[in-house]
Amino acid sequence: MTETPSIEEQISAYLDGEMSAEDRAAFEERLESDPHLLERVGNWQQTDDLLQSLVPEPSDSHMDRLMVANLPHEPRWPLRKVASWALIFAMGAVGGFGLNEWRQSQNPAQVLIVQATMDATSAHRIFTAEARHAVEVGPDEAEHLETWLTKRMGREMAVPQLEGLGLTFVGGRLLPSGGKAAAQYMYENAEGERVTVYMARTDAEARSALRFLSDDGLTTVRWQDGPWVFFVVGPLDKEAISPIVDVVHNTLI
Amino acid sequence: MPKFSAQMKDALPHLWRYAYSLTQDRAQADDLVQDCVERGLRKRSLWDEGQPLKPWLMKILLNLFRDRYRATSRLAEVPFLNDHAGATVDTTVEDRAELAAVVKRMQALPENQRQALQLVAFAGLSYAEAADVLSVPIGTILSRVARARASLNEPSQPQPTQLRSVT
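Those protein sequence lines, which keep their order, are chains A and B. Counting from 1, position 33 in the first sequence corresponds to residue 20 in my numbering; the numbering is continuous, with no gaps. If you want my numbering, it's the 1-based position in the second sequence plus 12.
Mixed in with the good hints, there may be bad ones.
Interface residues of chain B toward chain A, partial, derived using beta-carbon atoms under 10 Å [as the list claims (entries may be wrong)]: (1) SER33; (2) LEU53; (3) ARG54; (4) TYR81; (5) LEU111; (6) VAL114; (7) SER147; (8) VAL148; (9) GLY151; (10) ARG161.
Think about it this way: if two alpha-carbon atoms lie no more than 20 Å apart in a straight line, the pair counts; the simulated SDA-like pairs of lysine to any residue are [to be verified]: (11) B/LYS116 <-> A/ASP35; (12) B/LYS55 <-> A/LEU37; (13) B/LYS55 <-> A/GLY204; (14) B/LYS21 <-> A/SER48; (15) B/LYS21 <-> A/ARG52; (16) B/LYS116 <-> A/GLN39; (17) B/LYS21 <-> A/ASP35; (18) B/LYS55 <-> A/SER201; (19) B/LYS21 <-> A/ASP51; (20) B/LYS55 <-> A/PRO222; (21) B/LYS55 <-> A/ASP202; (22) B/LYS116 <-> A/LEU37; (23) B/LYS55 <-> A/ARG52; (24) B/LYS55 <-> A/ILE113.
Since the hints were made in silico from the structure, they are not lab data. These numbers come from a predicted model, not from an experiment. Built from N, CA and C at the ideal position, the CB exists for glycine as well.
Construct the complete structure from the given sequences, taking the supplied hints into account.
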């Protein structure tokens, strides 16, 4: 502060621990010799305490519950609620897991899935925005794409057929994900909206149910099977994306 | 500087209290915190690792609150409704009366003063951090917090006509 603070400002700074050591010492000295000021500071402190009592203190367990509130055993899907917690979404494979445990364990497999989730979403956003270079290999070379990706990914990479759902195959590409190869297939509907399928390999074997995450107009569905983690990402709501997920799931499992 | 996840975890209780102070509602505070954390994770790359995470998250939360409630003017500017006394245990009649008075004065605060006070009192931010969240100089936070506290403690008489400057 450059100007001399008002007495109200001094009391505030004192109560908030915002005074320098010297200012604090000087202020306390003054308190000792000024009963009126002392009383005023005491009253302000009481009001602060009252104020604090207006806002509950959340328990650790409540915060933990908040984080696991969106795991799939929750029966309802109020869309906005589902939107929360990308992290839990990403870590769903390990069951009810709070940040607490996550921080303590820092299991690299979970971190990888978090990374994969982010990669899948980024890949969707980046490449669906491309008009000319959306894919590396186009639909006319679908067979070559399958062979190539099968070789690089080390698993069967059949292209899911989504024409029945109004989605045309746009093509695919190979991407890096956590030092390994990942693959993306892209589709487009009549309105020009694009849906991507993304596959990556993790280090840990697991099997999970479908996890839905909606945010910013984008729905992401993830599931894991063995070391493979799959994502379907698109600007569709859960009802619209579910049948797509079914086909992709059946083709790639 | 501790890692993102560690800092985020440490900030959670403060995020929740701040969200509660804005919404006055547990469920809505839950929603805001969840959405805030999710947005934080998504925008993680935009966070400057040299800076503490908490103010950055508070800013996200405040923006979410503004987008959600101000736009629909559903909850805007109605902090501290009555069920608050319920938040405390062991309140005497006297305390309750006092509490009610504080609640009323809190409601009457000019918004920028209340905002500054909420960030300091409930979000657990330093003046410098609150200044960062609201994009104002630190001295402005000091003066707003001081004015807010002065009003809570020594409310002006039943509004004299426009004599009081409110910034």
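Check each numbered hint against the structure and report the violated ones by number, ascending. 4, 7, 8, 12, 17, 23
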